[in-house]
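**Q** Chains as they are written, first to last, in this note's numbering: chain A, 54 to 143; chain B, 10 to 504.
It is possible that some hints are incorrect.
Derived BS3-like pairs: lysine-lysine, alpha-carbon spacing no greater than 25 angstroms straight-line [stated by the list, open to error]:
#1 B:K98 <-> A:K67
#2 B:K122 <-> A:K73
#3 A:K67 <-> B:K122
Covered stretches of chain B (in silico footprint by chain A; criterion: 3 or more residues with CB under 8 angstroms from a CB of chain A, positions within the stretch not fixed) [as the list claims (entries may be wrong)]:
#4 175 to 185
#5 244 to 255
#6 391 to 405
Note that these hints are calculated values from the structure, not bench results. Glycine included, C-beta positions come from ideal geometry on N, C-alpha and C.
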Amino acid sequence: MQEVEYVAGLARLKLSEEEKELFTGQLNTILQYMDKLNELDTADVEPTFHVVPHVNAFREDEPQRSMEREEVMANAPSRKGDFFRVPRIL
Amino acid sequence: MMEEAMEVLTLSAHELYERFRRKDLSPVEVAEVYLKRIEEVEGRVGAYLTVDPEGALRQAREAEQRWRKGDGAPLTGVPLAMKDNICTKGLRTTCASRILYNFVPPYDATVIKRLKEQGAVILGKTNMDEFAMGSSTENSGFQLTKNPWGVERTPGGSSGGSAAAVAARECVAALGSDTGGSIRQPAAFCGVVGMKPTYGRVSRYGLVAFASSLDQIGPITRDVEDCALLLEAISGHDPCDSTSAPMPKEDFRACLGEGIEGLRLGVPQEFFIEGMDPEVEASIWEAIRVLKGLGARVEEISLPHTDYAVATYYIICTAEASSNLARYDGVKYGLREGEGDLREMYLETRSKGFGPEVKRRIMLGTYVLSAGYYDAYYRKASQVRTLIREDFDRAFDRCEVIVTPTSPTPAFGLGEKVHDPLQMYLSDIFTISVNLAGVPALSIPCGFSGDGLPIGLQLIGKPFDEATLLRVAHAFQQETDYHLRSPENLTRGGP
């Protein structure tokens, strides 16, 4: 339960008491299931993070048109002119 | 509905192309028939989150102009539906999440751009599990979608809306996305064709990210020829997605009729597990018999790490998701909640905006990546992923195509698994190793259960060998009529 609260904090989630209780049980069950991977000896196995073989994708550094500013800003929950407005930070 | 309109609804994309070309049907007529159909059956199915009649009719009029000038492409004037995690410029794109309830993309995904260049008509955006996390579409933040073959059943997920729309003839074909089976499993449940292309075959630019090393966009269609047509339209290298493969465009229809004489089909023993529905198993063996009759050879093969795929997948996909979904902070788009300071805004926005499954996966992913657990979970899973990949490499020394069921059961009931996340995860057992290995696979209808529910056959291919998958699937459809059946009585009464 304490661990659930800690992880929720890292993920910037605020959980209700019911959610905390529910997730503690469910996440335990799921993690226990995942422990089955320990049946496998992987000491000498390279991990796969990505299946594509290419490493870097380069292209010419040419200027291109960006998106329409107004269409992008139209999605802002709060704005001031061409800026996104957020609560005070400092 | 008029008889003529009903006939229009039976036409596949390649049949529409012929009719448009011969000028005995017009794109505007066809769009109107589909918009009417949506009005009539949506109450029963619930496949769409957004229908865009004005946009669709505008695109249909433009398509008509193109046909008049003799400038029609294979998809010019063909009405399609898009999963709601694919960005459509000017048309709301929600990922079925309340956190994006009002998001209007300022750009088109590359796949949408390519379809629009061909003059396709986009009818609307389809329902899904929130952020594509789920196997039944029940995790949508907005509505349930019902399986057109039995409205008390789920359509599968996460691309349940797209698969249901194709099955209910609310569009000719659709796009979905597949991270662990999200195209193939709903295609199987709804009795349609669904393909997850090789990782990198189709650009992910404009697909809202869930698990970036697994996600791939693909077609959901009525038959294999349409699948080839759509794949051809959306595939190809894209500088906007650095993981998209620098492969030349391919004509996926060219080899459809070539037959499968002498082709080696691998049947992995690990996929015929305890708990598999006997009707599913019988249908798969019957399908293998049909393919043998067409000249294919059957080899027993082994994918020894299959049993570890679900655990591996749910570590990797939740890890990637927890990172990808960090962007939903209430600043630039979507929902914003919370009065006080910045931290309060993040907490309130994310807690009110995300549904339970998304929170669960963010929690799991954050946990498996956190200090002290990274090696035990994320690194370990990434190593097992290598073993799973190598299983496929070895298997493909002995065969060209692997044949399995798409799902251990036909469509399960609404509400049946939604409260038991692990049971829901285990229903993906046959589809997820394909994403971990990055190989292509498709599901085609291969039978029906005693209750009249569709059963899906999965064909898995070598990387970038979609052509062979399509050839085998097409040969099967020339011999069978499962893909020609359609659910009845959707317009009568309500649930």
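**Q** Are the hints correct? Go through all of them and say.
**A** Each hint, compared with the structure:
no.	hint	verdict
1	B:K98 <-> A:K67	violated (33 angstroms)
2	B:K122 <-> A:K73	violated (43 angstroms)
3	A:K67 <-> B:K122	violated (38 angstroms)
4	175 to 185	violated (count 0)
5	244 to 255	holds (count 5)
6	391 to 405	holds (count 7)
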